[in-house]
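Participant: The primary structure of each chain is shown beneath.
Number of protein chains: 4
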Amino acid sequence: MARIKLGMVGGGKDAFIGGVHRIAARIDGEFDLVAGALSSTAEKSRESGIALGLEEDRCYGSFEDMAEAEAGRADGIEAVSIVTPNHVHAAAARAFLARGIHVICDKPLTATMQQADELAKAVSESKALFVLTHNYTGYPMIRQAQAMVAAGALGDLRVVQVEYPQDWLTEAAEQTGTNKQAEWRTDPERSGAGGSVGDIGSHAHNLACFVTGRNVEKLAADLQSFVPGRRVDDNANVMLRFDGGMRGMLWCSQVAPGNENGLKLRVYGEKGGLEWAQEDPNYLWFTPFGEPKRLLTRAGAGATEEANAVSRVPGGHPEGYLEGFANIYAGAAQAIRAAQQGRRDPVLDLLPGIDAGLAGMRFIDACIRSSAEDAAWVTL
Amino acid sequence: MARIKLGMVGGGKDAFIGGVHRIAARIDGEFDLVAGALSSTAEKSRESGIALGLEEDRCYGSFEDMAEAEAGRADGIEAVSIVTPNHVHAAAARAFLARGIHVICDKPLTATMQQADELAKAVSESKALFVLTHNYTGYPMIRQAQAMVAAGALGDLRVVQVEYPQDWLTEAAEQTGTNKQAEWRTDPERSGAGGSVGDIGSHAHNLACFVTGRNVEKLAADLQSFVPGRRVDDNANVMLRFDGGMRGMLWCSQVAPGNENGLKLRVYGEKGGLEWAQEDPNYLWFTPFGEPKRLLTRAGAGATEEANAVSRVPGGHPEGYLEGFANIYAGAAQAIRAAQQGRRDPVLDLLPGIDAGLAGMRFIDACIRSSAEDAAWVTL
Amino acid sequence: MARIKLGMVGGGKDAFIGGVHRIAARIDGEFDLVAGALSSTAEKSRESGIALGLEEDRCYGSFEDMAEAEAGRADGIEAVSIVTPNHVHAAAARAFLARGIHVICDKPLTATMQQADELAKAVSESKALFVLTHNYTGYPMIRQAQAMVAAGALGDLRVVQVEYPQDWLTEAAEQTGTNKQAEWRTDPERSGAGGSVGDIGSHAHNLACFVTGRNVEKLAADLQSFVPGRRVDDNANVMLRFDGGMRGMLWCSQVAPGNENGLKLRVYGEKGGLEWAQEDPNYLWFTPFGEPKRLLTRAGAGATEEANAVSRVPGGHPEGYLEGFANIYAGAAQAIRAAQQGRRDPVLDLLPGIDAGLAGMRFIDACIRSSAEDAAWVTL
Amino acid sequence: MARIKLGMVGGGKDAFIGGVHRIAARIDGEFDLVAGALSSTAEKSRESGIALGLEEDRCYGSFEDMAEAEAGRADGIEAVSIVTPNHVHAAAARAFLARGIHVICDKPLTATMQQADELAKAVSESKALFVLTHNYTGYPMIRQAQAMVAAGALGDLRVVQVEYPQDWLTEAAEQTGTNKQAEWRTDPERSGAGGSVGDIGSHAHNLACFVTGRNVEKLAADLQSFVPGRRVDDNANVMLRFDGGMRGMLWCSQVAPGNENGLKLRVYGEKGGLEWAQEDPNYLWFTPFGEPKRLLTRAGAGATEEANAVSRVPGGHPEGYLEGFANIYAGAAQAIRAAQQGRRDPVLDLLPGIDAGLAGMRFIDACIRSSAEDAAWVTL
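Protein chains in written order, with our numbering: chain A, 1 to 380; chain B, 1 to 380; chain C, 1 to 380; chain D, 1 to 380.
No lab work stands behind these hints: they were computed from the structure. Among the hints, a few may not be true.
If several chains are the same, the list does not tell them apart, and a pair holds so long as it fits within one copy or across any two.
[Claimed, not checked] When the alpha-carbon atoms are kept at most 30 angstroms apart in a straight line, the in silico DSS-like pairs for lysine-lysine are as follows: (1) Lys271 with Lys218; (2) Lys44 with Lys127; (3) Lys5 with Lys127; (4) Lys264 with Lys180; (5) Lys13 with Lys44; (6) Lys5 with Lys121; (7) Lys5 with Lys44; (8) Lys264 with Lys218; (9) Lys271 with Lys180; (10) Lys121 with Lys271.
As the structure is a computational prediction, the values presented were derived from the model and not from experiment.
Take these sequences, add in the hints, and give me the full structure.
Facilitator: Given below as structure tokens:
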């Protein structure tokens with residue numbers, strides 16, 4: 001089967017997440033990167049594109065140019081990955097959606113609620129698909145956790161605890177002049193009003209909702225900026241109230257020394273509990289109340305079809321972050337091929353899209369609003 | 001050196017914590033249990049006492065009888081352990097304090113704030129010592145953590161995360177008629193208004209304060225009673241604001257399947273982080289920011305004098321809950337012997353006493369008040 | 001019930017294991033230490049004894065004096081703990097056995113095979129009990145593992161892997177003049193011909209045999225003394241052939257940096273596997289073939305009556321080395337009380353005695369012989 | 001840069017390792033699979049090839065046809081991956097080496113020593129490169145371990161412990177008629193005389209040698225076939241003597257329930273120790289003697305340039321088996337591009353090649369010989 005022709009917006013030199021998207025797109029052999037507006041200037045974009053093996057005439061100076069030119073080619077891109085800072089997501093996505101080009105967009109959805117609403121409108125008006133890379137939902141054991149919860153393995157849900165600590169912003173990395181990642185991710189103009197809540201809290205929120213199938217109705221958030229001069233939050237304590245009576249807490253931090261990328265989810269119901277940690281993603285701990293804890297392993301003992309469907313190698317051969325990310329791309333490929341044949345593939349039920357993106361934006365916005373009111377409860 | 005003559009109030013058949021106190025008192029050979037008012041009736045008390053090897057005439061039907069009789073004996077008890085349900089603590093402790101008998105009392109301090117205040121007054125008016133068994137502060141690596149924080153190993157503190165999940169009340173154990181522990185611990189008359197926040201949340205609060213040297217100034221608590229018919233909270237989500245600007249969260253739960261006794265503390269400062277888990281108590285994880293995580297082991301590599309002072313066996317020979325508990329008793333013995341010689345032993349600075357007890361009561365009370373106001377911030 | 005009157009041989013100042021025995025004897029309140037020949041000179045023995053609260057006239061200058069004097073007292077000791085270096089075990093034990101005083105002796109049995117045989121003869125001729133503190137068999141989850149294997153949970157056994165790495169002799173600690181433990185444990189005169197194989201290999205061998213119920217028929221051992229000047233082995237690689245066709249390996253080392261006291265046992269049969277680690281002793285991993293691994297916890301989910309019988313506190317409240325050791329003492333107390341009433345208590349089936357001691361000596365001897373023949377197979 | 005044109009021998013339907021090689025070749029975008037002799041019949045090969053997107057005329061019925069045809073095309077393959085059962089490796093590799101086509105070959109080198117020697121001769125006579133996918137050497141923290149050992153971080157090496165337990169052959173999977181993997185891997189005609197020692201023991205041997213830089217001089221191996229009817233060993237206990245005086249043990253098993261793919265390496269020297277486990281590959285434990293254990297993380301704190309050179313994502317974003325495997329392919333690509341320019345790339349020093357393959361074959365052969373002589377020492 002011919003590979004899907006893919007373009008990319010953002011992801012030039014010094015970018016982190018662009019390279020991740022490219023590997024994720026390659027792992028299963030479903031996409032070919034053939035065009036790019038990789039940087040904010042034509043010259044840099046050309047340089048980066050050529051280094052990646054793109055043909056020179058498909059290295060564009062702006063996403064607008066790329067959208068127009070590629071839409072006009074017989075062999076033009078069928079899908080585009082948007083991996084820029086957040087404030088560019090909406091405009092870029094709209095340019096491709098308007099031309100029927102499928103969009104795979106990094107999270108959070110946008111930098112502002114207004115952008116988010118505009119993008120949502122564009123998605124609803126386009127026949128093209130919109131997939132948001134809340135990549136942690138691509139991990140096999142997360143897919144399994146979702147299925148187990150949905151099947152009632154935990155009974156009625158009561159408590160969720162989700163956390164996402166990191167330590168890379170413990171010091172003022174954005175003020176050294178050498179860390180572009182730190183710069184834009186702490187710049188409200190480019191990242192949005194949320195700092196840690198936008199960058200990683202939104203992942204934690206998404207993961208909790210994905211696995212439990214519940215929505216946050218209200219939250220109370222106490223945000224801090226511990227590092228002097230920092231313009232956004234770098235630590236957030238949040239209490240959550242979900243529909244259906246489930247309660248929870250969310251902690252995210254970028255100033256917790258000793259934590260690299262510590263996303264962790266725990267869900268408890270009247271009949272059992274589940275625990276999962278991103279840094280050890282091939283395992284899911286399941287305790288039916290009153291019985292010994294069980295170690296369910298990806299593609300091994302206790303794995304369900306939902307996990308096996310997105311596994312590549314047997315149990316004990318660890319899959320990681322890139323494979324989980326690739327599962328979003330593999331799902332997108334499957335959905336795109338179906339769409340090209342006029343069908344809606346049910347994998348879309350598992351892929352984060354505009355709804356998850358809007359929920360994430362409402363989460364970020366609610367955190368900011370709540371914290372501004374001394375952590376009062378706000379409705380999402 | 002002659003052993004300290006010890007009495008006990010509570011701790012008869014069906015009790016859990018009484019047996020723990022007795023082992024803790026025996027481990028280091030500093031105490032001899034010689035008298036008891038072990039149960040609420042004279043007959044049961046006698047039975048339990050004889051089974052424990054007490055002489056019959058020192059098995060009392062009430063703590064009042066015991067206090068009076070023992071105070072009148074030349075060989076009367078020098079100290080008493082109070083291990084009853086919470087609502088008895090204050091009256092019992094006062095009876096012995098009034099007679100100059102040192103008191104070792106289980107936590108939380110009392111069932112109500114009024115009892116707490118009365119007890120505090122009694123302590124202040126007595127020459128006898130009052131030690132509260134917030135036993136988790138007795139773990140060697142917790143002593144070390146406290147010392148490291150005090151010495152500035154983490155720099156200025158920013159974030160504390162403390163949690164204490166259990167699962168033993170996932171179902172309505174108090175309604176089966178066969179679980180006395182569950183009955184009194186969920187009975188507001190005997191336990192106090194707090195359920196999980198009183199029973200285990202108070203431990204988590206105490207541990208966070210002990211290690212960081214900070215006090216909670218304000219909290220916002222969202223308490224739940226998930227099990228139908230339960231009269232107290234069985235899950236609590238709490239946001240904390242400490243003096244000095246440190247922020248944190250506390251989660252305690254008795255309905256989290258897969259958690260036995262999961263007290264865990266994490267403390268982060270501008271220079272490093274510490275992590276400790278009660279179920280793995282011989283280890284303390286220390287990360288100086290930017291360096292690899294280090295595994296500090298009790299009585300092993302990286303252990304400080306503070307940990308070694310309360311260790312009995314070399315690293316790799318695990319000490320546990322009973323040894324940690326025994327460190328409170330060993331400290332009490334040291335303080336009592338000094339007091340008998342008219343000295344104040346500095347170990348008292350490490351032992352939880354009336355102040356820690358009052359702080360704990362204020363924590364519980366604040367949780368109840370905050371939750372009643374929809375998790376509004378309340379001042380302790 | 002009156003406590004059993006206990007004496008102790010060895011265990012004075014600078015000793016490690018004596019203090020462990022004393023705590024183990026105290027934890028369950030079954031013994032009172034009332035006499036001691038704690039050091040090799042009368043003066044030192046007296047000093048150590050008084051520090052421990054013994055009466056002066058029961059501090060003896062030699063075990064012979066103690067045996068004779070105590071046997072002659074109406075209130076003489078009923079049992080004695082022998083915690084000297086290995087070369088003293090046999091003579092000391094025989095002195096007490098000959099007088100009908102029960103013996104609790106540290107391992108390995110003796111320093112030489114000849115001493116072992118003489119001691120075995122003395123045990124067979126005495127009515128007194130002989131208990132050997134292969135303390136690791138006292139851990140609750142080891143008791144459970146033994147019972148599970150015996151009940152066929154693993155099916156026919158195939159493979160055992162046991163290891164016991166430490167690092168405390170990585171450098172020549174015995175040559176510094178400041179480490180008495182290192183001195184006698186590397187001195188063939190006092191410790192026996194085995195170094196690591198005697199000190200810790202014998203524990204590993206014992207544990208494997210205890211849990212599997214199998215005996216080693218043949219072994220091939222490759223011993224090394226890595227530290228220049230060391231007079232005994234400090235590392236041993238051993239292949240094992242058990243009766244019934246089970247095969248295995250044993251590794252012990254005192255020169256493996258990063259290992260404190262890493263005794264670990266893994267047993268595999270045609271139907272399942274078990275894994276246990278001494279440094280994390282409250283857990284037993286059980287995998288029925290083809291099913292998820294299960295975490296069995298002491299006194300918690302999955303614990304059997306065999307484990308519960310020797311547990312003191314609920315799951316999640318970690319018990320450790322001292323409690324496991326105390327379970328040997330508690331068992332000895334139970335057996336001694338029965339013996340005093342003319343009964344044989346079935347707990348003796350669980351307690352290591354002279355047979356386990358002889359098997360251990362044959363293991364050590366076989367390791368030495370095999371290694372001398374370039375690791376040829378030798379029969380035990 | 002244009003991708004390297006790759007062919008594949010083996011790896012059709014029902015194969016496991018072929019898919020792994022294809023993903024590994026894709027991850028970094030250095031190869032394009034353009035030709036294949038994927039199965040043993042032309043028809044099956046065509047089917048598998050088309051499913052993989054190959055053009056029909058480049059789906060060959062035999063490796064001979066492929067070698068000849070591709071060598072004759074202007075756009076013929078530049079490299080070939082050989083992923084057949086072991087007995088085909090030599091002949092296939094020779095066919096391509098003879099035509100100057102670079103070979104990437106799965107391990108072990110061949111099924112017999114004779115084939116190995118013939119292949120070694122062919123490699124020596126060819127200008128083409130020969131890379132053997134001892135993929136575990138591609139893990140970043142293994143590269144770092146090797147570099148740390150070479151730099152003297154452990155001092156003189158003393159002890160190595162390596163193990164590789166699995167459980168997938170606990171029952172007679174090869175006799176069910178439904179498990180092709182089990183069939184050929186337990187068939188001496190296709191796999192070679194070694195069962196577990198060939199399939200996984202060879203990996204363990206290779207890893208120990210790679211990290212320590214030492215060679216096994218002698219070994220004593222006790223092999224078992226526990227499953228009735230099995231034609232090769234399924235468990236192996238091996239004692240090792242390395243050059244330079246280092247001693248060790250190797251255990252591999254395919255009948256150890258609860259183990260998925262438990263390759264684990266521990267290395268100890270006079271100054272420190274290293275520990276690494278394949279199922280948790282992003283971590284390397286390093287203990288300088290006398291100091292706390294340190295957790296070195298891939299691309300995180302404590303990672304060296306050797307690890308970072310083969311990392312794609314930051315610490316805390318786990319890389320796994322496929323990324324480690326891809327590092328072999330990435331290295332091969334780098335070496336091939338250099339070779340095409342007449343240069344030898346130093347990455348070849350890190351890539352397993354014919355020498356590692358021969359060493360592995362000698363290890364397997366020695367295990368078989370030793371076990372046949374009742375585990376006598378044999379020289380490699």
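Participant: Each hint: holds or not?
Facilitator: Now for the hints, and whether the structure bears them out:
1. For a Cα distance limit of 30 angstroms, the shortest separation of lysine 271 from lysine 218 inside one copy, 25 angstroms, qualifies, whereas the shortest one across copies, 34 angstroms, does not.
2. Neither within a single protomer nor between protomers do lysine 44 and lysine 127 lie at most 30 angstroms apart by alpha-carbon distance, with minima of 32 angstroms and 39 angstroms respectively.
3. With identical chains, the CA atoms of lysine 5 and lysine 127 are at most 30 angstroms apart within one copy only, with a shortest distance of 18 angstroms there and 37 angstroms across copies.
4. Proximity of lysine 264 and lysine 180 under a CA criterion of 30 angstroms is satisfied intra-copy only: 27 angstroms inside one chain copy versus 35 angstroms between copies.
5. Within a single copy, lysine 13 and lysine 44 get their C-alpha atoms as close as 8 angstroms, which meets the 30 angstroms cut-off; across copies the closest is 44 angstroms, which misses it.
6. Taking the shortest Cα distances, lysine 5 and lysine 121 sit within 30 angstroms of each other inside one copy (25 angstroms), while across copies they are farther apart (45 angstroms).
7. In this homomeric assembly, lysine 5 and lysine 44 come within 30 angstroms of each other (Cα to Cα) both inside a single copy, at 22 angstroms, and across copies, at 29 angstroms.
8. Taking the closest pair of Cα atoms, lysine 264 and lysine 218 come within 30 angstroms of each other both inside a single copy (21 angstroms) and across two copies (27 angstroms).
9. Taking the shortest alpha-carbon separations for lysine 271 and lysine 180, only the inter-copy value of 23 angstroms comes in at or below 30 angstroms, while the best intra-copy value is 47 angstroms.
10. In this assembly of identical chains, the alpha carbons of lysine 121 and lysine 271 never lie at most 30 angstroms apart, being 41 angstroms within a copy and 46 angstroms across copies at closest.
The structure does not agree with the numbered hints 2 and 10 stated previously, though it agrees with the rest.
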